[in-house]
Amino acid sequence: MAGWDELEALANNEGKPHDKNDDTNRLVLRVFGTDEGQKLLGLLREQFLEQPVAVPGSTSDFAFYREGQNSVIRDIEARIKRARNL
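Take my numbering: the final residue in the sequence shown is number 102, and no numbers are missing along the way.
Please keep in mind that the hints were generated in silico from the structure rather than gathered at the bench.
One should not assume that every hint holds.
With beta-carbon atoms standing in for the labels, derived distance ranges [said to hold, decoys possible]:
(1) R46 with S76: 34 to 44 Å
(2) R100 with D77: 17 to 27 Å
(3) N37 with P72: 34 to 44 Å
(4) R61 with T40: 13 to 23 Å
(5) K97 with E62: 16 to 26 Å
(6) F64 with N37: 18 to 28 Å
DMTMM-like cross-link-like pairs, simulated, lysine to aspartate or glutamate; straight-line CA separation at most 20 Å [unchecked claim]:
(7) K97 with D51
(8) K55 with D91
(9) K55 with D38
(10) K55 with E93
(11) K97 with D39
(12) K97 with E52
(13) K36 with E93
(14) K97 with D38
(15) K97 with D35
(16) K36 with E83
Every value quoted in this text rests on a predicted model; they were computed, and no experiment measured them.
In this text, a Cβ means the ideal position worked out from N, Cα and C, and glycines have one as well.
Based on the sequences and whatever the hints tell you, model everything.
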């Protein structure tokens, strides 16, 4: 797309280019915005996020692994917030 076509496309979308992340955020909100989705997110949060990242005697690799699990839950929660603000 070039020239006027591109400008018209932007104008039809309120001046904001289409963002694939917005679609993903809306999808996450639809899935986790239901009662069942909130229940599942609560279980995931309890199982992963609300547990220690490392315990005495564990290796640093374990802590990195656990932090990776936590980041998935944080990403889901952040996407829900962003989708509600669209």
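Consistency of the hints with the structure:
no.	hint	verdict
1	R46 with S76: 34 to 44 Å	38 Å, holds
2	R100 with D77: 17 to 27 Å	36 Å, violated
3	N37 with P72: 34 to 44 Å	39 Å, holds
4	R61 with T40: 13 to 23 Å	20 Å, holds
5	K97 with E62: 16 to 26 Å	19 Å, holds
6	F64 with N37: 18 to 28 Å	23 Å, holds
7	K97 with D51	16 Å, holds
8	K55 with D91	17 Å, holds
9	K55 with D38	23 Å, violated
10	K55 with E93	13 Å, holds
11	K97 with D39	13 Å, holds
12	K97 with E52	18 Å, holds
13	K36 with E93	18 Å, holds
14	K97 with D38	11 Å, holds
15	K97 with D35	16 Å, holds
16	K36 with E83	26 Å, violated
In terms of the numbered hints stated before, the structure departs from hints 2, 9 and 16, listed from lowest to highest.
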